Amino acid sequence: MRRFVADLSRKLTPERRKNLVTCVLQHRTCSLFSSFQSQSSVVIPIRFLNTASVDPSMASDYSGSPVTLDTINIKVLNCEYAVRGEIVTLAQKLEQELKENPGSRSFDEILYCNIGNPQSLGQQPITFFREVLALCDHPTILDRAETQGLFSADSIERAFQILDQIPGRATGAYSHSQGIKGLRDTIASGIEARDGYPADPNDIFLTDGASPAVHMMMQLLIRSEKDGILCPIPQYPLYSASITLHGGTLVPYYLDEATGWGLEISELKNQLEAAKSKGISIRALVVINPGNPTGQVLSESNQKEIVEFCKKEKLVLLADEVYQENIYVPDKQFHSFKKVSRTMGYGEKDISLVSFQSVSKGYHGECGKRGGYMEVTGFSPDIREQIYKVASVNLCSNISGQILASLVMSPPKVGDESYESYFAEKDAILSSLAKRAKTLEAALNSLEGVTCNRAEGAMYLFPRIELPKKAIEAAKSANKAPDAFYAARLLDATGIVVVPGSGFRQVPGTWHFRCTILPQEDRIPAIVTRLTEFHKGFMDEFRD
Amino acid sequence: MATVGVWLDVAMASEAAARLVVSASAGWMAAGDLQLQETVKIIFTNVGNPHALGQKPLTFPRQVVALCQAPFLLDDPNVELVFPADAIARAKHYLSLTSGGLGAYSDAHGIPGIRKEVSEFIERRDGYPSDPEHIFLTGGASIGVMQILNCIIRGELDGILVPVPQYPLYSATISLLGGSLVPYYLEETANWGLDIVNLRQSVAQARSQGITVRAMVIINPGNPTGQCLSEANLKEVLQFCYQNNLVLLGDEVYQQNIYQDERPFISARKVLMDMGGNISKELQLVSFHTVSKGYWGECGQRGGYFEMTNIPPKTAEEIYKVTCTSHSPNVPGQIFLGLMVNPPKPGDISYERFVRESKGILESLRRRAQIVTDGFNSCRNVICNFTEGAMYSFPQIRLPPKAIEAAKNAGKVPDVFYCLKLLEATGISTVPGSGFGQKEGVFHLRTTILPAEEDMPAIMASFKKFNDDFMKQYEDYGGYLRM
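Chains as they are written, first to last, in full-length UniProt numbering: chain A, 1 to 544; chain B, 1 to 483.
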C-alpha cells in the first residue's frame with residue numbers, strides 16, 4: 001500500500017503537492033487524522049485514504065477520486081439488472097454498425113425482444129387515452145370550436161372532468177404525494193368494478209410506473225441482510241436488484257416448469273423454514289401474476305393457498321399484477337389477490353397486501369409515461385404514514401402518468417362516443433398478442449432440445465433449451481453463462497435480442513431465455529424463420 | 001430506523017385544511033392541532049409550486065407536448081387551426097428523437113437527442129463543451145440527487161456536507177440511505193454567505209467522530225435562503241472540495257430565478273473550468289437542474305437532469321445500472337426538458353409570445369421578491385435578507401421569551417408554534433425554520449414569493465397585522481396570559 005501511495009504522489013504536479021500539504025496542515029488538529037499519522041510513517045493525505053485498498057495495477061487517472069468503484073456503495077456494485085445487461089450493450093453496438101454499414105449483416109435491423117416495451121416495436125397508443133392526455137397538457141384549447149374538429153367529444157368531456165379534479169386545474173403543479181385525490185377516486189372505483197369489493201382512494205399511491213412502488217416497499221420492509229423476501233425463481237430482476245440495493249436477502253422459491261410454472265405451497269414452506277434456520281426473518285412474499293418471465297396465470301384455488309400461507313406466516317403479500325389485462329387463453333382468468341382474499345372473508349385486519357399496477361403493460365403498453373400505482377391494504381395507520389412520508393421525499397409522481405393511470409382504470413364505456421374505436425383498438429392488440437404468443441410458442445417447441453410452456457398471460461415466452469455439452473464448454477471458455485452464450489450467438493446471427501435465463505435465475509443446470517411476444521404480427525414469420533435457422537445451425541455446430 | 005423529515009405537503013394541507021408536517025425535530029402535527037375559522041382562506045406559500053398558485057404554463061412547450069401526446073393530430077389537415085407551425089415542427093422533431101413516441105421506454109438515462117440538446121445548452125451557458133454521455137435525464141432533480149447519494153453513501157460513517165438551513169430533500173435522503181448529515185452553517189448576517197472557515201470546522205468535527213466526509217452539497221441560488229453565490233466564493237468551495245477529496249453536488253435548479261444584477265448565476269462547472277489545471281480535470285462534480293423551477297415551474301412534469309464532471313466511466317456505468325431498475329424517466333418530462341434548454345429562437349412564430357410570457361413571470365417574481373423582503377423588514381422583530389434568487393424568503397423571527405415559553409407549554413417548537421398561529425389567524429401557510437435546520441435559539445419561517453403579485457400587498461399586510469398582535473401579546477410582560 002505504501003508503494004502505491006508513493007507511486008501516486010510521484011505523479012503529482014508541484015501545485016497538487018502544495019495543495020496536499022495545505023490539506024495536511026489544515027487537519028493537523030483533527031484527532032482522527034493525527035492518529036492516522038502516528039500509525040503510518042508516510043504522510044497520507046486524506047485524499048488517498050479512500051483508495052488505499054486499490055490494487056496498484058488498477059490505478060488510473062481516477063484512482064484518487066472520492067467516488068470510484070472502490071468507494072462506491074457496495075450495494076450498488078452488487079446489484080444486477082439483466083434486462084439491460086451485456087446482451088443489450090452488444091445489440092446497441094450492432095445497431096450502430098448497421099447504421100454506419102448497411103448490408104454488413106444478414107439482417108437489416110435489431111429486434112428488441114428483451115424488454116416489454118410494445119410501442120418501441122410499433123404498437124400504436126389507444127387514441128382516446130392520448131386525446132385526453134393532450135387536452136390535459138394544453139387545456140387552453142378546450143373551449144375553442146376548432147378543437148371539436150380535432151378531438152372526440154367524449155375526450156373533451158373527460159379532459160374537463162379530470163381537470164376539475166385537479167386543484168386549480170394545474171397540471172404543472174406538484175400534486176399530493178400519493179397522487180391527485182380525484183384520480184385516486186376514479187382508480188378506486190375501477191378496482192371496485194373489477195373486484196366487486198370496495199377500494200379506498202386513501203389506500204392508493206400513484207407512482208412513476210410500478211418499479212418505484214416496488215422500491216418503496218422494499219425500503220420499508222428491509223432493515224438488514226437478516227430480512228428476507230420470498231421471490232419466485234425465475235423472477236423479474238427488478239426484485240433481486242431492489243432487494244440488493246436495500247441490503248436485504250432474496251429467499252428464492254422455485255416455480256415448477258413441469259406443471260406450467262406452478263407455485264407449490266410446499267416449496268414456499270420449505271424455503272421459508274430453510275431461511276428461518278439460517279436466522280433470516282421473512283418479511284414478504286412476492287407473487288407475479290400473470291408471471292414474468294414465465295407467463296403463467298395463477299388459478300384462484302392456488303391464490304387462496306397463497307393468501308392462507310401469508311396470513312399464517314404473517315407475511316406481507318406483494319402482488320405484482322401489472323399484466324392483469326394480458327390474458328391470452330380462454331381457460332384462465334385474472335383474479336386480483338385483493339378480490340381473492342376478500343372472497344375468503346379476510347379483510348383489512350387479516351392480511352397485509354400490496355397490489356402493483358402499471359400503465360406500461362396491458363393492451364395500452366404506455367411504458368414511456370411512467371404511470372402506475374400501488375394499492376396498500378392491511379397496514380396500520382402509523383405504517384401508512386411512513387409510506388406516505390417516503391413517497392413525499394420525491395414530492396409526487398408525474399401528472400400525465402397519474403392521469404393515464406386513472407384512464408386505464410376507467411376506459412370508455414358502452415354508449416360513449418369513443419367506445420367502439422377504443423374497444424376495436426384494444427381487442428385488436430390483445431387478440432394479436434394472443435396469436436403471436438401461440439405462433440412463437442409453437443415455433444419454439446418445434447426446435448431441437450427446446451421446450452416452451454404456453455404464455456397464458458403477460459408478454460413473454462420463457463423456453464428451456466437443452467444445450468449440448470460442447471456448447472456449454474464453448475460458453476465456459478468464452479467466460480459466459482451457457483444461455484448468455486446462446487443469446488449472444490442468436491443476436492449476432494439474427495439481430496434478435498433476448499434475455500438469458502440466468503438473468504432471471506433458474507433451476508441450476510437448466511438453461512432458458514426470455515423472449516417477448518411484442519414484435520408486430522407481420523414480423524413474426526420472419527422471426528420464426530431466422531430463429532429456426534439459427535437454432536439448427538447452432539445445434540449442428542455443437543451437437544454432442 | 002432513522003426518522004426522516006418531510007416538509008409540508010400542499011395537497012394534504014388542502015384536504016385537511018392545513019396539516020403541518022415538519023421536520024423530525026418538530027415531529028408531526030395532526031390537523032386537530034389547528035382551530036381554523038372556516039372563513040380563513042388558506043394561502044399556500046409553503047411549497048415552490050408556482051402553477052398551484054395560479055402561474056400559467058408557458059404556451060409553446062404545452063403545445064408541443066400536447067402534439068407529441070396525440071401524434072395522429074399531426075396528419076390532420078385541421079391541426080394548424082389550433083397549433084402554430086413551429087409547435088408542429090418541434091413536436092415532429094421530438095417524436096423523431098424517441099424510439100416509439102411518448103409510450104415507449106427511452107434509454108434509462110434519457111433520449112440521446114435530448115441529452116445532446118442539454119449538452120449544447122450547457123456549452124452555450126458555460127462556454128465549455130459538455131458531453132451528452134455525462135448527462136442523465138431524471139424524473140425531476142430529486143430523483144437524481146437520490147441516485148447520486150445512493151452511490152456515495154455506504155454506511156453511517158459516510159458523511160455529506162449539507163448547508164444549514166437546507167432543503168429537506170437532503171436530510172431525508174441521507175437518513176433513508178443511512179448516511180450522516182454533516183451540517184455547515186450559512187452566515188445569516190453575511191447575507192447567508194458560505195464561510196470556508198465554517199466548512200473546515202464542520203469537516204474537522206465530523207472526522208473527529210470517525211466520519212469520512214465524502215461529498216458536499218451547495219444550493220445555488222439558495223433554498224430556503226435565496227442567496228446567490230459569488231464566483232470567488234464558488235472558487236473557494238471548489239478548492240475546498242478538491243483539497244478534501246469531496247464530490248461536489250451542485251443543486252442549481254434555481255439558475256433562472258435571479259432577482260438582482262450584481263451576482264448573476266454562474267455554474268459551479270464554469271468556475272471549475274475557468275480555474276483550469278488539475279483541479280478542473282480531477283474534481284468530481286455533479287450538477288442538477290429541473291423543469292420545476294425557473295419561469296417554467298412545471299413541477300408536475302417531473303423532468304430534470306444531472307451532469308457529471310470527472311466521474312470515472314466505470315462509476316458512471318454503475319449509476320446507469322441503478323437507473324435501469326426504474327426503466328426510464330417519463331418521456332413527456334424529457335421533452336419538457338428539451339424545450340427548456342432549447343426554447344423558441346428569434347424569428348420563430350412563437351418566439352415573441354414565449355419571450356413575453358417568460359419575461360412577464362420573471363419580472364413579476366423580481367418585484368415580488370422586493371415586496372416580500374420589504375414587507376418582512378417592516379415588521380416588528382422580523383429581519384429578512386433580500387431574496388437574490390430562487391423562490392423563497394426566509395425571515396428571522398425574534399420570538400420574545402414569553403412566546404418561547406408559551407410554545408414550550410403547548411409542546412411545540414417555538415417557530416412551529418408561531419407558524420401555526422399565523423396559519424390560524426391569516427390562512428398563510430409557511431414552513432417553520434426548524435424544518436430546514438437553523439442555529440440554536442434562532443427562529444425562522446420560509447415562505448415562497450409565489451402568490452400572485454396583486455395579492456402580495458394584502459398578504460404582507462395580513463402578516464404584519466398578525467405579527468404585530470403576536471409580538472404585542474408575548475412582549476407584554478405585565479399582561480395576562482391569553483393562551
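These are calculated hints, taken from the structure and not from any lab test.
Worth double-checking, as some hints may not be accurate.
[To be verified] Restricting the straight-line Cα-Cα distance to at most 30 angstroms, the calculated cross-link-like pairs of lysine-lysine (BS3-like) are:
| hint | chain 1 | residue 1 | chain 2 | residue 2 |
| --- | --- | --- | --- | --- |
| 1 | A | Lys426 | B | Lys92 |
| 2 | A | Lys99 | B | Lys321 |
| 3 | B | Lys56 | A | Lys181 |
| 4 | B | Lys345 | B | Lys56 |
| 5 | A | Lys93 | B | Lys116 |
| 6 | B | Lys321 | A | Lys480 |
| 7 | B | Lys408 | A | Lys75 |
| 8 | B | Lys321 | A | Lys75 |
| 9 | A | Lys339 | A | Lys426 |
| 10 | A | Lys75 | B | Lys281 |
| 11 | B | Lys92 | A | Lys476 |
| 12 | A | Lys476 | B | Lys321 |
| 13 | A | Lys332 | A | Lys276 |
| 14 | A | Lys99 | B | Lys116 |
| 15 | B | Lys439 | A | Lys99 |
| 16 | A | Lys93 | B | Lys345 |
| 17 | B | Lys92 | A | Lys93 |
| 18 | A | Lys99 | B | Lys314 |
| 19 | B | Lys345 | B | Lys321 |
| 20 | A | Lys93 | B | Lys439 |
| 21 | A | Lys389 | B | Lys408 |
| 22 | A | Lys339 | A | Lys413 |
| 23 | B | Lys314 | B | Lys235 |
| 24 | A | Lys435 | A | Lys413 |
| 25 | B | Lys314 | A | Lys389 |
| 26 | B | Lys314 | A | Lys480 |
| 27 | B | Lys321 | A | Lys226 |
| 28 | B | Lys439 | A | Lys389 |
| 29 | A | Lys269 | A | Lys304 |
| 30 | A | Lys304 | A | Lys75 |
| 31 | B | Lys235 | A | Lys93 |
Keep in mind it's a predicted model, so treat the numbers as computed, not measured.
To see whether the hints hold, each was checked on the structure:
no.	hint	result
1	Lys426/A to Lys92/B	holds (26 angstroms)
2	Lys99/A to Lys321/B	holds (25 angstroms)
3	Lys56/B to Lys181/A	holds (22 angstroms)
4	Lys345/B to Lys56/B	holds (21 angstroms)
5	Lys93/A to Lys116/B	holds (19 angstroms)
6	Lys321/B to Lys480/A	holds (19 angstroms)
7	Lys408/B to Lys75/A	violated (43 angstroms)
8	Lys321/B to Lys75/A	holds (12 angstroms)
9	Lys339/A to Lys426/A	holds (24 angstroms)
10	Lys75/A to Lys281/B	holds (28 angstroms)
11	Lys92/B to Lys476/A	violated (48 angstroms)
12	Lys476/A to Lys321/B	holds (25 angstroms)
13	Lys332/A to Lys276/A	violated (35 angstroms)
14	Lys99/A to Lys116/B	holds (19 angstroms)
15	Lys439/B to Lys99/A	violated (60 angstroms)
16	Lys93/A to Lys345/B	violated (35 angstroms)
17	Lys92/B to Lys93/A	holds (27 angstroms)
18	Lys99/A to Lys314/B	holds (27 angstroms)
19	Lys345/B to Lys321/B	violated (37 angstroms)
20	Lys93/A to Lys439/B	violated (55 angstroms)
21	Lys389/A to Lys408/B	holds (26 angstroms)
22	Lys339/A to Lys413/A	holds (22 angstroms)
23	Lys314/B to Lys235/B	holds (28 angstroms)
24	Lys435/A to Lys413/A	holds (26 angstroms)
25	Lys314/B to Lys389/A	violated (33 angstroms)
26	Lys314/B to Lys480/A	holds (21 angstroms)
27	Lys321/B to Lys226/A	holds (25 angstroms)
28	Lys439/B to Lys389/A	holds (25 angstroms)
29	Lys269/A to Lys304/A	holds (15 angstroms)
30	Lys304/A to Lys75/A	violated (35 angstroms)
31	Lys235/B to Lys93/A	violated (41 angstroms)
Comparing the model with each earlier hint shows violations of hints 7, 11, 13, 15, 16, 19, 20, 25, 30 and 31; every other hint is respected.
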